[in-house]
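Chain by chain, the residues:
2 protein chains.
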Amino acid sequence: MNAGELLSLCKRRGFIWPSFEIYGGVAGMYDYGPLGTVLKDNIISMWRNAYKKGEGFVEIDSETVNPEQVFKASGHIDEFSDFVVYCQGCNEPFRADHLVGDLHPNPDTLDAAGLKSLFVENGVRCPDCDGELGEVEEFNLMFKTNIGPGSSRVGYLRPETAQGIFVNFPHLYRYNREKLPLGVIQHGRGYRNEISPRQGIIRLREFNMMEVELFVDPEDKGWVRYPTIKDETLRLVPEDGRERSITVSEAVSEGIIANEVLAYFIWFTKDLLTRLGVDGERLRFRQHLSDEMAHYAMDCWDAEVLLSYGWTEIVGIADRGCWDLTQHAKWSKQDMSHFKRFDEPKEIERDVLKAKYRELGPLFKGDAKEIARLIEERALADVDNGVLKVEFNGEMLDIPENLFEAVTVREKISGEKVVPHVIEPSHGLDRIFYTILEHAYRRDDDYTVLSLRPEVAPIKVGVFPLMTRDGLDTKAEEIFRMLNDAGIDAYYDDSGSIGKRYARMDEVGTPWCVTVDYETLEEDRGTKDTVTLRDRDSSEQRRIPVVNLLNVMQSLIKGEDFASL
Amino acid sequence: MNAGELLSLCKRRGFIWPSFEIYGGVAGMYDYGPLGTVLKDNIISMWRNAYKKGEGFVEIDSETVNPEQVFKASGHIDEFSDFVVYCQGCNEPFRADHLVGDLHPNPDTLDAAGLKSLFVENGVRCPDCDGELGEVEEFNLMFKTNIGPGSSRVGYLRPETAQGIFVNFPHLYRYNREKLPLGVIQHGRGYRNEISPRQGIIRLREFNMMEVELFVDPEDKGWVRYPTIKDETLRLVPEDGRERSITVSEAVSEGIIANEVLAYFIWFTKDLLTRLGVDGERLRFRQHLSDEMAHYAMDCWDAEVLLSYGWTEIVGIADRGCWDLTQHAKWSKQDMSHFKRFDEPKEIERDVLKAKYRELGPLFKGDAKEIARLIEERALADVDNGVLKVEFNGEMLDIPENLFEAVTVREKISGEKVVPHVIEPSHGLDRIFYTILEHAYRRDDDYTVLSLRPEVAPIKVGVFPLMTRDGLDTKAEEIFRMLNDAGIDAYYDDSGSIGKRYARMDEVGTPWCVTVDYETLEEDRGTKDTVTLRDRDSSEQRRIPVVNLLNVMQSLIKGEDFASL
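In the order they appear, the protein sequences are chains A and B.
Using our numbering, the first residue of the first sequence is number 1, and each one after it goes up by one.
Using our numbering, the first residue of the second sequence is number 1, and each one after it goes up by one.
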């Protein structure tokens, strides 16, 4: 298959539409139509259930417009950029590294000078008009705006939902009664102002993410349910590039995956993706090379799927270490740590600075007490060449060493502050959505079937009257309403031949169809009215009593085999 | 009560948090915490079910960043603004009309000059520093950004989700097999770059909307289920300002509400809001005065609720007429109409322009045929002073009347094009969220209860072991897991006295609590183990067999009375 075929089906049947098409469209922007919106919501639900019900995580929903400080701290203002080059002829902007893909093994590791010299050496010109290329410039990929009138408060559209969780850490930590582990999920829009996006919904300027931030004790990177999955197999491509299928515990004990909690959530991601309908045979986990790792990551694995575009990242599972909380603590001057209580209080010895009150008094008079307090707040390590610098009333004072002394004290402490580490499975929702469709797509002699898993399928059952007369339609509408009221997404269709209606449902991934025919209406059957139930994947049919239909549908959706009916 | 009390509860218990608080916060921005996110999602679910399952509407999800053309067409670039005035002393921006609230009955109807002269006449000064105020300037309330590198493509964050539905009308119309009515819903972020937002989550810069756009035949503004609700009562404040409670059909027949479909959805909104937990006694519908109506509306009613802030709009139900589709058709040059098929084909007489080929030939030679086609495309009404202007090869030609003639033709037509009208119930989700909390809030001697409706409550049931020993906790955890796995949001709590745990659950609106005590564990009871089930609103308790607990919880959530257990 090719992606165009699938994208055209998606457009025709209301899964996704290029945005603003009446105005010629905008590259890298897509809208979800009626079927796509339900499919996307079904993916979100399964993800949410896996983390909330399965692992006890909580969910939040934070703002998409953020003030500048957030991204100063997170590093996005400094690091989140690509190199752009404009054609001097047609003025079209290009991503510089995309123009030299054949000339360098890893062009996205090059800087502006490196890219420029590749251009010059190889005489690279504009791929559209063959014009000369200009200078290579850095382009920050965040959408910029202003909050409030004037331009005094700069804001950005968030490039990831994660920061909304990090800046709320103090609230979340209190909500969790100051305990670790603390797992938080968030889904919503992310924005990346791509220079020239291509590839359907794989590379979008406005996209949907499902992110998970798990805060753990940096000295305890295990996970309570790790033992239950440690013998499961993972297909891994570690940093050395040699693909292997090994068990989770082998990967951890051989040091391929850094720790148990990271390994657990790599497995967890595999389990979730396959339950969503990603083909397990076209799924692997690839470790980031150190030079492609994001600025915040200690270790990172991509869930990659094989698509018509080639192997494509759809989830990234990173160990972000203490990067984010440390950065936000530094920039906000707020405490972002966890107080780790010892099993027993510990007695420790500690060197502290003690002010010499007798010397300070004559020198500083009424301010002596405050200066003493400022001295004693500081640590021995702050003393430099016998001098301690102290900020007092906005001025820096040099306090010479005759005004204080180092004293060793013994104290009992009940715990210590640690900055939690963060394990982050970050899901590209639009890419997962697309993968599920591509992996479900079968085409045979112009007949298209989407074999979507029942749990994600936007329509669970089509309901058809054989004819729109003799009460067949009334009965079918009744059944449609009954299913819908019970929360089962049903679709009523009375137009065209039954074969055409089956084909329409097969094409959008509906797993079952119910047909009301003349047998249904035979009066003597009474409560034993039956309907035809047809299975998409086997094309088999069964007659099912209407009174049982709801139960049958519910068990089928839960995974019961049609053949066992 | 006052709003501060409730907002402090909301913050403490994880409903909402001021955004970016570690950085000092940003006015008009709030995040949803763990309980708030679930409550918000429950509101969305009930709204979605009401429209999708109840009325057969479809749902879409479109982009938040939109190119400029969309808002040129929609009128937001010209109309969506407030007047700002800066203090010359402290440089603080103010909404000009907010500074003259006491000096004019309706300051938001004034223009810049009117506001300025009010300032001058009354010597209005900066409310913060008493400084002099500068000029009154218009400030567009859309957040502005650039799409892609450079500033060539201006984009805006959408002020309403509605435009995403309008620009997709051609797709949606085909999805609906080119039939009307066509109902479409969308929820998501909306943005309004307020000059100086106040009032908690009532006036936000980034907010959540649930919008409904119903496209109807302009000549048929009825609704199929209207007869079933026409005798229901509405509390209305029409344009004349005289409040009255009358039936839906009286309001329509007296011309107070413009048409049946608008009246139906006003009633529908009342029904949905009260089911969500809005107090019916503190809910009314107020008609917009003609000078406060948005630029796109033909008639508009606000669902207003009484809050500690006073009467506050939470839903607007507007008849937008054909404004939006007409505008987008004009700006995009795409067809945004509905083809309305007649019951029987009609024979009509029509005046058309006919080119005089004999005269055109000698004049235009090889181009004559194309020029004739261009003439015949036009209508009689296009002829101005005997001259028809025609665009040919980028130039305007004046065609004098001797080159064409008006001819009356008879033709059979099967239908005609009409531009659908739009009925729009637009819901402020954050305001509904806040209203539900405020109307559920009871405080008595320092004891707080949120009487949230079971269907929206973020936690349906608290599960407690009496003690964390003797297997009480194991049993309680089992019950917690059983409820959670069945999709009932449960919360496990084993800390503090049972009274404290009840209080914690009452404070966040949990309708029921289950306690596992020593009676539960009495061995001889076997499958007849019972637990205590406590009802929040009556404080009554019942012993319920564990095997029945799931069924009991499900019926209670559906609305069964606790007293009937």
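Check each hint, because a few of them may be wrong.
Intra- or inter-copy, both count: the list cannot distinguish identical chains.
[Unchecked claim] No more than 35 angstroms apart at the CA atoms, straight line, and that leaves these computed lysine-lysine pairs for DSBU-like:
#, residue 1, residue 2
1, K116, K475
2, K500, K221
3, K500, K330
4, K11, K330
5, K144, K330
6, K144, K412
7, K230, K356
8, K500, K11
9, K354, K52
10, K11, K333
11, K72, K11
12, K356, K475
13, K333, K528
14, K179, K500
15, K369, K558
16, K500, K52
17, K116, K369
18, K558, K354
19, K417, K52
Worth flagging that the hints you see were computed from the coordinates, not collected in a lab.
Against the structure, the hints:
In this homomeric assembly, K116 and K475 never come within 35 angstroms of each other (Cα to Cα): the closest approach is 71 angstroms inside a single copy and 68 angstroms across copies. In this assembly of identical chains, K500 and K221 lie within 35 angstroms of each other by CA distance solely across copies; the values are 34 angstroms between and 55 angstroms within a copy. Taking the shortest Cα distances, K500 and K330 never come within 35 angstroms of each other, neither inside one copy (63 angstroms) nor across copies (37 angstroms). Taking the shortest alpha-carbon separations for K11 and K330, only the inter-copy value of 24 angstroms comes in at or below 35 angstroms, while the best intra-copy value is 47 angstroms.
In the homo-oligomer, the alpha carbons of K144 and K330 lie at most 35 angstroms apart both inside one protomer (24 angstroms) and across protomers (30 angstroms), since each shortest distance falls under that limit. In this assembly of identical chains, the alpha carbons of K144 and K412 never lie at most 35 angstroms apart, being 50 angstroms within a copy and 56 angstroms across copies at closest. Taking the shortest Cα distances, K230 and K356 never come within 35 angstroms of each other, neither inside one copy (59 angstroms) nor across copies (86 angstroms). Proximity of K500 to K11 under the C-alpha cut-off of 35 angstroms is restricted to the intra-copy arrangement: shortest distance 19 angstroms within a copy versus 55 angstroms between copies.
In this homomeric assembly, K354 and K52 never come within 35 angstroms of each other (Cα to Cα): the closest approach is 50 angstroms inside a single copy and 71 angstroms across copies. Taking the shortest alpha-carbon separations for K11 and K333, only the inter-copy value of 21 angstroms comes in at or below 35 angstroms, while the best intra-copy value is 49 angstroms. Taking the shortest alpha-carbon separations for K72 and K11, only the inter-copy value of 26 angstroms comes in at or below 35 angstroms, while the best intra-copy value is 39 angstroms. Taking the closest pair of Cα atoms, K356 and K475 never come within 35 angstroms of each other, the shortest separation being 94 angstroms inside a single copy and 61 angstroms across copies.
For the homomeric pair K333 and K528, neither the shortest alpha-carbon distance inside one copy (72 angstroms) nor that between copies (57 angstroms) is at most 35 angstroms. Taking the shortest Cα distances, K179 and K500 sit within 35 angstroms of each other only across copies (20 angstroms), while inside one copy they are farther apart (58 angstroms). In the homo-oligomer, the alpha carbons of K369 and K558 never lie at most 35 angstroms apart, since the shortest distance is 71 angstroms inside one protomer and 66 angstroms across protomers. In this assembly of identical chains, the alpha carbons of K500 and K52 lie at most 35 angstroms apart only when taken from different copies (25 angstroms versus 41 angstroms within one copy).
Taking CA atoms no more than 35 angstroms apart as the test, K116 paired with K369 passes in neither setting, with 61 angstroms inside one copy and 54 angstroms between copies. With identical chains, the CA atoms of K558 and K354 are never at most 35 angstroms apart, being 69 angstroms at best within one copy and 67 angstroms at best between copies. Taking the closest pair of Cα atoms, K417 and K52 come within 35 angstroms of each other only inside a single copy of the chain (27 angstroms); across copies the shortest separation is 51 angstroms, beyond that limit.
Of the numbered hints stated above, those contradicted by the structure are hints 1, 3, 6, 7, 9, 12, 13, 15, 17 and 18, listed in ascending order.
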